[in-house]
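Since the structure of chain A is provided, determine the placement of chain B with the ligands on it from the hints.
What follows is the residue order along each chain.
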Amino acid sequence: MGQKMLMKGNEAIAEAAIQAGCRFFFGYPITPQNQIPEYMSKRLPKVEGGCFLQAESEVAAINMVYGAAGAGARVMTSSSSPGISLKQEGISYIVGAELPCVIVNMVRGGPGLGSIQPAQSDYYQSTRGGGHGDYRMLVLAPSSVQEAVELTQKAFDLADKYRNPVLIMGDGLIGQMMEPVEMPEYVKPELPEKTWAATGWKPGCGRDRAIINSLYIDPNVLEQHNRKLFAKYAVMEQEECRWQEEMTDDADYVIVAYGTTARIARSAMRKLRENGIKVGLIRPITLWPFPNAPIQKAAEHAKAFLTVEMSMGQMVDDVRLAVNGKKPVEFYGRTGGIVPTVREIVEQIENMAKEAK
Amino acid sequence: MAVVYEKTKMLTDKPLHYCPGCTHGIIHRLVAEAIDELGVQDKAIGVAPVGCAVFAYDYFNCDMMEAAHGRAPAVATGCKRVNPNNVVFTYQGDGDLASIGAAEITHAATRGENITVIFVNNAIYGMTGGQMAPTTLPGQVTTTSPYGRDPNHCGYPIRVSEMLATLDGPAYIARVSVHDVKHIMEAKKAIKKAFQMQIEGKGFALVEVLSSCPTNWGMTPQEALKWLQENMIPQYPLGVKKEVE
Ligand SMILES: Cc1ncc(C[n+]2csc(CCOP(=O)(O)OP(=O)(O)O)c2C)c(N)n1
Ligand code: SF4
Ligand SMILES: [Mg+2]
Chain A
1 MGQKMLMKGN EAIAEAAIQA GCRFFFGYPI TPQNQIPEYM SKRLPKVEGG
51 CFLQAESEVA AINMVYGAAG AGARVMTSSS SPGISLKQEG ISYIVGAELP
101 CVIVNMVRGG PGLGSIQPAQ SDYYQSTRGG GHGDYRMLVL APSSVQEAVE
151 LTQKAFDLAD KYRNPVLIMG DGLIGQMMEP VEMPEYVKPE LPEKTWAATG
201 WKPGCGRDRA IINSLYIDPN VLEQHNRKLF AKYAVMEQEE CRWQEEMTDD
251 ADYVIVAYGT TARIARSAMR KLRENGIKVG LIRPITLWPF PNAPIQKAAE
301 HAKAFLTVEM SMGQMVDDVR LAVNGKKPVE FYGRTGGIVP TVREIVEQIE
351 NMAKEAK
Chain B
1 MAVVYEKTKM LTDKPLHYCP GCTHGIIHRL VAEAIDELGV QDKAIGVAPV
51 GCAVFAYDYF NCDMMEAAHG RAPAVATGCK RVNPNNVVFT YQGDGDLASI
101 GAAEITHAAT RGENITVIFV NNAIYGMTGG QMAPTTLPGQ VTTTSPYGRD
151 PNHCGYPIRV SEMLATLDGP AYIARVSVHD VKHIMEAKKA IKKAFQMQIE
201 GKGFALVEVL SSCPTNWGMT PQEALKWLQE NMIPQYPLGV KKEVE
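Line order of the protein sequences matches chains A and B.
Each residue of the first sequence is one higher than the one before, counting from 1 in this note's numbering.
Each residue of the second sequence is one higher than the one before, counting from 1 in this note's numbering.
Just chain A, with the same shape it has in the complex (with noise of 0.2 Å):
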């Protein structure tokens, strides 16, 4: 550990997961995240206790990361667009039954089988819950291999820690892009025990029962539990949100981006920069809970800001919230698994400057 490797995204975050204590992968081949599974059926086996299975389809596949995960265990699934929509229906009901998991989401365009190209536009499936029900994961956004493989490890803690799953929600270039990475030595946090899992159970072996379960027929004990779930999520807005501000405090223009797209507005802004114009990039790394603090910051001396996305604009709704009609949000996004280019976003700005004179 500590040194420096040359690694795919996706085999970068299989190799976190199990550094992380990750010992079940449940999965379902689908373009661009091949690798995880690929690289988890190789490792799995040769880790103690660990245990890699192919399932029939993404909907089997999260039913056993129910099952394994109410049995106590870190487990992990991973797919893309068209087999997170498959899981939609598990995960409400991991939620539902207070299961910690991990799911990666390597997003590729839509809608219906779309293409296997990169893409953002299942950002509204990932920050408004998904399935049925009301609800909330989770949402960490990587944008490079390094940040995938330290949000991966800090998935799994926060799972624990809140008894819910965590979304890591990268795209396919996130997945198939090498970089260097440092694996970082992972350090289990004071997390409290499973003694809810079901393990085996009999009269006076010191717990209740365990009913892994998210079944509450009385009206009245279902409301008291989603008022339990939700204050769950106030916690987690409260503690749990992150973000990457650079040059924000002069800038006239803000760009909020995440991901992959969020490194291209990283080089927009450079280059706006040596042109004059100032420019300041906001970059979510929750996805949900959303970083609304930073945004309403900027929009008391940012003149304009520009939400750049890989789809028809989705995020742009939260930062249209958190801005609050204070200052114009304009739009930028490019989908069907088209990445916007550094000219496109260097061009946006270029002309929002201009209207403003």
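Treat the hints as calculated values from the structure; they're not laboratory data.
There may be inaccurate statements among the hints.
[As the list claims (entries may be wrong)] For lysine to any residue, the following SDA-like pairs were computed, each having C-alpha atoms within a straight-line distance of at most 25 Å:
#1 A:Lys202 <-> B:Asn85
#2 B:Lys9 <-> A:Gly206
#3 B:Lys14 <-> A:Ser214
#4 A:Lys202 <-> B:Asn83
#5 A:Lys161 <-> A:Gln224
#6 B:Lys14 <-> A:Thr195
#7 B:Lys189 <-> B:Leu225
#8 B:Lys43 <-> A:Gly49
#9 B:Lys182 <-> B:Asp36
#10 A:Lys354 <-> A:Arg343
#11 B:Lys188 <-> B:Ile158
#12 B:Lys14 <-> B:Ile26
#13 A:Lys303 <-> A:Cys205
#14 B:Lys188 <-> B:Glu6
#15 A:Lys202 <-> B:Glu37
#16 A:Lys271 <-> A:Glu330
#17 A:Lys42 <-> B:Pro84
#18 B:Lys193 <-> B:Leu11
#19 B:Lys43 <-> A:Lys303
#20 A:Lys202 <-> B:Asp13
#21 A:Lys161 <-> A:Met236
#22 B:Lys9 <-> A:Ala197
#23 B:Lys43 <-> A:Glu98
#24 B:Lys188 <-> B:Pro20
#25 B:Lys7 <-> A:Gly206
#26 A:Lys232 <-> A:Arg242
#27 A:Lys194 <-> B:Val40
#28 B:Lys14 <-> A:Cys205
#29 A:Lys202 <-> B:Lys182
#30 B:Lys192 <-> B:Gly130
#31 A:Lys202 <-> B:Phe55
#32 B:Lys43 <-> B:Thr8
Predicted, not measured: the structure shown is a model, and the values here were computed from it.
This is chain B with the ligands only, laid out in the frame that chain A set:
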């Protein structure tokens, strides 16, 4: 005073919610007795279905999980892979197992997943009010086959046990019935065997239990048992369909 009969400790004191005369209750009792007699209560983990047995987690006196509709075999797989020493079983209806969960049961079987499956075939969707199931008999009237099931229109009932017995994965597959005392005793033997197989590490074991639904069949409990015997058994022959040494 000698104790002749007592409640198995594998069932909780919670009163069963099943309709009067429903054989789900008998099957619960048989499963509970089998686990009790094998002395594995402390290792048992049950997976409840979506169907009339959805509250099974309130009745079986062991750690329990409640699965999404049809997904119990996948949930049991995850659970068993984490703790192979647990004795993991699913309890599933025919809609749950043979329709929405057809993929999960087939693949758990073909993997030879070392779990026990109790499959309650009552030829109907009990919980949702008596709609047609994948196991509904030709001609049988249900709320979604009001003119009787027409195989030319919606196909034939699935013989799950025979179908799964064609696979190499399963260790034990049997079909039993609970319409009279003799058959209940045989059902008990098969269920116990299916748990025994798991404890010995032999692999996937499934017992299909023909069961009655007096409420949705529109019969008295006695009429229902007679209907089961006369109509279901010819369609679903009883017996051991597969057993490995
Ligand atoms: C995804 C999903 N689809 C449909 C339902 C509604 N539903 C609940 S129980 C059931 C059928 C149960 O029938 P069966 O498995 O035969 O069990 P029984 O009640 O007859 O014992 C259905 C369709 C559901 N809960 N979830
Ligand atoms: S509806 Fe049918 S299967 Fe369900 S409890 Fe009543 S009799 Fe039993
Ligand atoms: Mg049924």
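Hints and how they fare:
1. A:Lys202 <-> B:Asn85: Satisfied, since the Cα-Cα distance of roughly 15 Å is no more than 25 Å.
2. B:Lys9 <-> A:Gly206: holds, 18 Å
3. B:Lys14 <-> A:Ser214: holds, 19 Å
4. A:Lys202 <-> B:Asn83: Holds. Lysine 202 of chain A to asparagine 83 of chain B sits at ~16 Å (cutoff 25 Å).
5. A:Lys161 <-> A:Gln224: holds, 21 Å
6. B:Lys14 <-> A:Thr195: Between lysine 14 of chain B and threonine 195 of chain A the Cα gap is close to 24 Å, so the pair holds against 25 Å.
7. B:Lys189 <-> B:Leu225: With Cα atoms ~20 Å apart, lysine 189 of chain B and leucine 225 of chain B stay inside 25 Å; holds.
8. B:Lys43 <-> A:Gly49: Given pair lysine 43 of chain B, glycine 49 of chain A holds - Cα atoms ~19 Å apart, limit 25 Å.
9. B:Lys182 <-> B:Asp36: The given pair, whose Cα atoms are some 21 Å apart, holds under the 25 Å limit.
10. A:Lys354 <-> A:Arg343: Between lysine 354 of chain A and arginine 343 of chain A the Cα gap is close to 16 Å, so the pair holds against 25 Å.
11. B:Lys188 <-> B:Ile158: holds, 24 Å
12. B:Lys14 <-> B:Ile26: Holds: lysine 14 of chain B and isoleucine 26 of chain B sit about 15 Å apart, inside 25 Å.
13. A:Lys303 <-> A:Cys205: Given that 25 Å is the threshold and the Cα spacing comes to 64 Å, the pair is violated.
14. B:Lys188 <-> B:Glu6: holds, 17 Å
15. A:Lys202 <-> B:Glu37: Distance ~15 Å between lysine 202 of chain A and glutamate 37 of chain B Cα, so the pair holds.
16. A:Lys271 <-> A:Glu330: Holds. Lysine 271 of chain A to glutamate 330 of chain A sits at ~19 Å (cutoff 25 Å).
17. A:Lys42 <-> B:Pro84: OK: lysine 42 of chain A and proline 84 of chain B at ~21 Å, within 25 Å.
18. B:Lys193 <-> B:Leu11: holds, 19 Å
19. B:Lys43 <-> A:Lys303: The given pair, whose Cα atoms are some 65 Å apart, is violated under the 25 Å limit.
20. A:Lys202 <-> B:Asp13: holds, 15 Å
21. A:Lys161 <-> A:Met236: holds, 10 Å
22. B:Lys9 <-> A:Ala197: holds, 22 Å
23. B:Lys43 <-> A:Glu98: holds, 23 Å
24. B:Lys188 <-> B:Pro20: Holds - the C-alpha atoms of proline 20 of chain B and lysine 188 of chain B are around 21 Å apart, at most 25 Å.
25. B:Lys7 <-> A:Gly206: holds, 23 Å
26. A:Lys232 <-> A:Arg242: holds, 17 Å
27. A:Lys194 <-> B:Val40: Cα-Cα ~22 Å, so holds.
28. B:Lys14 <-> A:Cys205: Holds, at roughly 20 Å.
29. A:Lys202 <-> B:Lys182: Distance of about 32 Å is beyond 25 Å: violated.
30. B:Lys192 <-> B:Gly130: violated, 30 Å
31. A:Lys202 <-> B:Phe55: Within the cut-off at roughly 20 Å; holds.
32. B:Lys43 <-> B:Thr8: holds, 16 Å
Going through the hint list in order, the structure does not satisfy hints 13, 19, 29 and 30.
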